[in-house]
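Work out the full structure: start from the sequences and follow the hints.
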Amino acid sequence: MQTITALIPVRAGSRRLKNKNILPFGDSNLLIHKIRQLKQVKEINNIVVSSNSDEMLAMAAAEGVGVHRREEQYCDEVSAPFSEVVKNICQNISGDYVMWAPCVCPLVGPLHYADAIKTYFENIKNKNHDSLVSVTKFKEYLWDENGSLNYDAGKGHVPSQHLPDMWRIINGIFLAKREDMVAWAYWIGKNPYKYKIDKSAAVDIDDETDFEIAKHLYKTYYESHQ
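Going letter by letter, the sequence shown gives residues 77 to 302 in this note's numbering.
Take the hints with a grain of salt, since some may be wrong.
Here are the simulated DSS-like cross-link-like pairs (lysine-lysine), alpha carbons at most 27 Å apart as the crow flies [unchecked claim]:
(1) Lys-270 - Lys-194
(2) Lys-194 - Lys-115
(3) Lys-203 - Lys-163
(4) Lys-194 - Lys-118
(5) Lys-253 - Lys-213
(6) Lys-270 - Lys-291
(7) Lys-118 - Lys-94
(8) Lys-118 - Lys-203
(9) Lys-118 - Lys-215
(10) Lys-118 - Lys-201
(11) Lys-275 - Lys-194
(12) Lys-163 - Lys-266
Between beta-carbon pairs, the in silico distance windows are [as the list claims (entries may be wrong)]:
(13) Glu-147 - Gly-230: 49 to 55 Å
(14) Ile-289 - Pro-157: 26 to 32 Å
(15) Glu-139 - Glu-216: 47 to 53 Å
(16) Asn-168 - Ser-224: 42 to 48 Å
Please keep in mind that the hints were generated in silico from the structure rather than gathered at the bench. Idealized CB from N, CA, C, for every residue including glycine.
Structure below.
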C-alpha cells in the first residue's frame, strides 16, 4: 500500500510577520488549525510537522502527529538554498508521496486536499503530469521596469478579459512522489498539474494585511464548513 504524508513546514523567526505560523486563528492558531484540517482527510496516512522550534514541535506532538526536528541551517533562509531545504526534509520523513501543506494558507481545507489527491492520481495514471501545485488564475495588466509584459500599452490595449491566462502559485498544496522531490530538490517537477483554488480560499499569509483578510474570510465563509 502506497502512503501519503502531509507535511507542514514551519520555523521560528519569521521576518515579515512575527510568530506567523502560530498566530491565533479560528479556535487555535495557524499551525494547529492546519493539523486539524489535515486530520479530516482520510486519504492522508501520516502528518508531520517539520520545524526548528521546540514550541511548534510540542504543539504538533500534543496534537498526536509526527515531528521532524529540522537543523538550523535548513531554517534560516541563508545557510542553505531552498532546494537543499526541500531535499533535507524529504530525506528525513517517510511516505511514498509527500503533500506539502503550509499553514499560511488556512482557507485551503479538507475538501481541497482530498480533491487534489484524487486529481493528482488521476493525472499521474494517465502520465500527463509529474506533480501537482495549487494555483489561482488571474488576468491583470503586468509591467516590469521596462514597460508592459503581456499587452500593448497603447493603441493595442485590450480589455482585461482578453489578456492571456496567468497563474499564481498558492502555497497551499504541493504533491509528488517523495523520491522525486529528493531527486529534483524541489517540491514540483517540470510538468505539474495546476490545481485551481478559488480566489476566496487562496489567501497566502505573508503580512498583517493578508492575515486580517484570512481571518475575515474564515469567519464569514468557512468557519462552519471546516
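Here's how the hints hold up against the structure:
In summary, the hint linking Lys-270 to Lys-194 is supported, as the alpha carbons are separated by about 13 Å, within the 27 Å threshold. This hinted pair checks out: Lys-194 and Lys-115 have alpha carbons roughly 17 Å apart, not beyond 27 Å. As the CA atoms of Lys-203 and Lys-163 are separated by approximately 24 Å, the hinted pair is consistent with the 27 Å bound. A C-alpha spacing of about 12 Å is found between Lys-194 and Lys-118, which places the hinted pair at or below 27 Å, so the restraint holds.
Our distance criterion of 27 Å between C-alpha atoms is met by Lys-253 and Lys-213, whose separation comes to about 25 Å. The hinted pair formed by Lys-270 and Lys-291 meets the criterion: a straight-line CA distance of about 26 Å does not exceed 27 Å. Between Lys-118 and Lys-94 the alpha-carbon distance is near 33 Å, which puts this suggested pair outside the 27 Å criterion. Among the hinted pairs, Lys-118 with Lys-203 is consistent with the structure: their alpha-carbon atoms are about 25 Å apart, no more than 27 Å.
Straight-line distance between C-alpha atoms of Lys-118 and Lys-215 comes to about 35 Å, which puts the hinted pair past the 27 Å bound. Between Lys-118 and Lys-201, the direct Cα distance comes to roughly 20 Å. Compliance with the 27 Å bound is thereby established for this hinted pair. Between Lys-275 and Lys-194, the direct Cα distance comes to roughly 21 Å. Compliance with the 27 Å bound is thereby established for this hinted pair. Taken as a hint, the Lys-163 and Lys-266 pair is honoured in the structure, with Cα atoms around 16 Å apart against an allowance of 27 Å.
Hint check: Glu-147 to Gly-230, Cβ distance near 53 Å, so the stated range 49 to 55 Å holds. In this structure the hint that Ile-289 and Pro-157 lie 26 to 32 Å apart at CB holds, the actual value being about 31 Å. Under the hint 47 to 53 Å, the C-beta atoms of Glu-139 and Glu-216, about 39 Å apart, miss the expected range. The given range of 42 to 48 Å is respected by Asn-168 and Ser-224, whose C-beta atoms sit roughly 45 Å from each other.
Checked against the numbered hints above, the structure breaks hints 7, 9, 15 and satisfies the rest.
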